[in-house]
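Peer 1: So you can see what is in the structure, the chains are spelled out below.
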Amino acid sequence: MDAGQKYFRNYKLEQSLTQRRIVFAAIFVMVLITVLIGRLFYLQVVEFERYQTKADQNRLKLVTEPPSRGLIYDRNGLVLADNRPIHSLTIVPERVKDMDAFREELAGVIEITDEEWDDFNQRRKAYRRPYQSITLKSHLTDKAWAKLSVDLYKWEGVQVEAQLTRYYPYGEAFAHAIGYVGRINSKDLEKLDKQRYQGSLFLGKSGIERFYEEELHGFPGFSKVEVSARGRIMSEVERQNPVPGKAIQLHLDARLQQYAYDLLGDYTGSVIAMDPKTGGVLAFVSKPGFDANMFVRGISVKEYGALRDSPKLPLFNRALRGGYPPASTIKPFMALAGLENKLSSWTERYYASGAYQINPDGRRYRDWKKGGHGWINLERSIIESVDTYYYQLAHKMGISPIHSFLSRFGYGEKNILDLYGENAGLLPSNQWKKSKYGEPWYPGDSVNVGIGQGFMVATPLQIATATTALANRGEWLAPRMAKTVSGDVIEWPEDKLVSKRITLRREADWQRMVNSMKKVITDDQGTARRLQGTSYDIAGKTGTGQVFSLQDDEEYEADKLAKKLHDHALFIGFAPSKEPDIAIFAIFENGGSSSKPADLSKKLFDAYILGKYPRKYNYLKVGSNE
Amino acid sequence: MNKGFYAQLRAFSNAKFWRDLHIDFFLVVSLALVAGGGLIILYSASGQDVAMVERQFVRLSIGFAACLFLAQVPPKFLRRLSPLLYLGVFSLLVMVLFFGVGAKGAQRWLEIPGIGRFQPSELMKVVMPMAVAWYFSNRHLPPKFKHISIVLIMVAVPVFVIARQPDLGTSLLVGVSGIFALFLAGLGWRYILGAALSAPIAGFFLWQVMHAYQKQRVLTFLNPESDPLGSGWNIIQSKTAIGSGGLEGKGFLSGTQAQLEFLPESHTDFIIAVLAEEFGMFGCLILLTGYLLIIARGLYIAAFAEDNYARLLAGSLTLTFFVYIFVNIGMVSGILPVVGVPLPLVSYGGTSIITIMSTFGILMSIHTHKRARK
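First to last, the sequence lines map onto chains D and C.
Position one of the first sequence corresponds to residue -12 (this note's numbering), numbered consecutively onward.
Position one of the second sequence corresponds to residue 112 (this note's numbering), numbered consecutively onward.
There's no promise every hint is true.
[Claimed, not checked] Derived DSS-like pairs: lysine-lysine, alpha-carbon spacing no greater than 25 Å straight-line:
#1 C/K255 with D/K(-1)
#2 D/K(-1) with C/K257
#3 D/K84 with D/K134
#4 C/K326 with D/K112
#5 D/K608 with D/K264
#6 D/K565 with D/K487
#7 C/K326 with D/K(-1)
#8 C/K481 with D/K(-1)
#9 D/K590 with D/K603
No lab work stands behind these hints, which were simulated from the structure alone.
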């Protein structure tokens, strides 16, 4: 056909060759098509169920919705432990087109530290599902959040997410009373019900938050959602709402608490106020406190170190765990013990010299008043806090009757119904000393215990509990923090000692003791006569506790120890004395003079009974506009 | 009745006016059916983006226009032009190496001021079989060793240049289109057998001298699922989409993998997975049937073409079209490594539609320019 072709070409043969090849090609096509169909058959028929499940796993996600934690209220309904949304800046890296440009733009809006970026980049590179968000910065301030909100629309894949987190609005005065929540750590996880804590970040770590964890936590909800590959929730398939935690109302009075805390001034110490009618704790002060929000935010090593190493021990819960000599506040109880054991009477007279000796040439146990008090009786021993009277009484009684009588008031026992970690103090006995020191109980040991010193150690909570029993004329009530759980009055388990009646041989002795304690204020020689002039009657008892007794081999380092050597100043009291509304124990560590806790108590009585709070505490009053 | 209709259709499709217009009725209808179905799938795959479907429709229309235009050009003319086209496109490819622009780290386009960008490697897919067919058109078949060698060089050089861009998918298709022409020309079976045997041996020796990281790259290339969050993600998701479609599919617009964006590139290279998910295996079989009709018609045209040039060209163009389909579906369903090859007529995207439609223009030209039978 064409000019260039040679004449002997066999076109027929070449045509059939190429045609044969086309047939081969057709067969080749059919074989490969069969392979494709076989592959489709394998995926869509043989493995259908597997891939169907896989597609559902892709698309359906079970999202846990953690319950919101129950709030904690004071007795008047003021929220002491709140939930607040914490805002975090999260990023889906796959959706950010140019990370460097974004970083630069963001730097113009809020400050992100290099560490935060490093952290973010590290998590970005780690094994993760694509399109899942990573937190760049948590705990955004309101200002940063507001600034970000303006610019947020500009960036794809950048979000501000909110999560409810515990917040304690009223600061360090409340930390020891309420406790705090902290991040759930790996140790906690071993013990926790994983189902119930799914999606939760926090757990009650101390105080009310810990004791009532079960009630406060609530139950998580679940929602089965359809999500896109980018993690966006498209629709909800199934849902079970979370059950929020129960609210807890405390007996605590927020104003009284803050007032008491402030009245301690620069001193360390503790104040407990109780409602004698219910055993409810009205104020639970341990000073200094701390800002519990630090533990929610995640306390830094440095911050924690500063708290832990502070000489004032802010993390130490003095109210619950502080061991102090009850000092002269023990005297009303010691006097009742003497009456109960028929070793003293209201009428019997006693000559109180400047010191007491067991043996004529033995150790002189000094009275606080040089030269002594002269002829006195039991009532005056309370009014003037006569040490020698109680030296001789305790000596006469010996430790066993003291131990058995005082333990009825809760000394040496754990008393509170709803806090963990209470210190039982120390109510010494024969057996105790033998097992602890391998020595018998000496009469001199009893003499010291007679004025609440020596081996005896009590916690503020114990002394307040005993004082309440005195205020109630023998009606002993276990101290308790919480009043209601979601509005229902708490029913305490039967194995807990909730209340009891302390009976005396002569029940009238209760009232006579209260009268004597009233005279501590009203009598001209009363140790708390400075509290006179109230419109209601106060019954009280002062105390000053020795911090140190020098050992023989110890050198006296006056400069170094002088301040620490100051006596602890104590006061117990209740008012109005006839039908008390409030019983108080206060201690100023190294306060020197018991006038400090006495004055504090009077101010608290005025506040609680007469409503005489300084105006500045109005913000702690429900319904105030502050 | 039925028979009557069939006879009528046949008569209609063979009508003389189609021939005068240089249109192959059968081919045009099958192409239109597949392309129309493709638009429906694209509507779903694009997340019901009407604008995208419209753009694709415009491209298809341009493609059909190019097809009809090329059908008017006599094969004789094409044959004469073949060597010139080959050299021209090759020099464009070389220019791409030096002046090319690109995206995503590949340099594939030439910028023509005032007109826009175009991709010379796409042209090579058509020009390569033309050149090989031209080379054999005035030589004895089956080809001798010397001619085979020359043709292999003709194929290898542009393939290498395109692979350098880098564009593995296109270079593969270009190479394959040349090799097909060589095969149809009657390449001796001993050469084919020899190549088939020496490939694994060469591979073995190559493997021995490769660095560990290179081996690792080859392994991930061959088995992307070993890297589930990187290159394996696409394959795992597309297999899940196909498998979960089952026999009947989840229904139009109801494929969770595609609609919830688990499936990447769902409107381009991985669009078959959308079809498989929403219309199941039945949907896939219908599409494959459409493709088979096109391929069968192409091979028929090739087999009964007038001369060697037309036979080789029509045959290799048709087979290259098939390779598109096979490589794409094979890759999406996880039996072939991932190379960027679109599904012809269905995948969203510009240049390849024009090239593909052009090849069918050439096929129609070959079929309709035959001198009347005796």
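Peer 1: Please go over all the hints and tell whether each is borne out by the structure.
Peer 2: Hints and how they fare:
Annotation: proposed proximity of C/K255 to D/K(-1) holds, straight-line Cα distance about 19 Å (limit 25 Å). The straight-line distance between the Cα atoms of D/K(-1) and C/K257 is roughly 23 Å, inside the 25 Å bound, and the hint therefore holds. Between D/K84 and D/K134, the direct Cα distance comes to roughly 22 Å. Compliance with the 25 Å bound is thereby established for this hinted pair. Distance restraint check for C/K326 and D/K112: the Cα-Cα separation of roughly 24 Å lies within the 25 Å cut-off, and the hinted pair is therefore satisfied.
The straight-line distance between the Cα atoms of D/K608 and D/K264 is roughly 22 Å, inside the 25 Å bound, and the hint therefore holds. For the hint pairing D/K565 with D/K487, the CA-to-CA distance comes to about 20 Å; that is within 25 Å, so the pair holds. With a CA separation close to 50 Å, the supplied pair C/K326 and D/K(-1) exceeds the 25 Å bound. A distance of roughly 17 Å separates the Cα atoms of C/K481 and D/K(-1); the hinted pair therefore holds under the 25 Å criterion.
A C-alpha spacing of about 15 Å is found between D/K590 and D/K603, which places the hinted pair at or below 25 Å, so the restraint holds.
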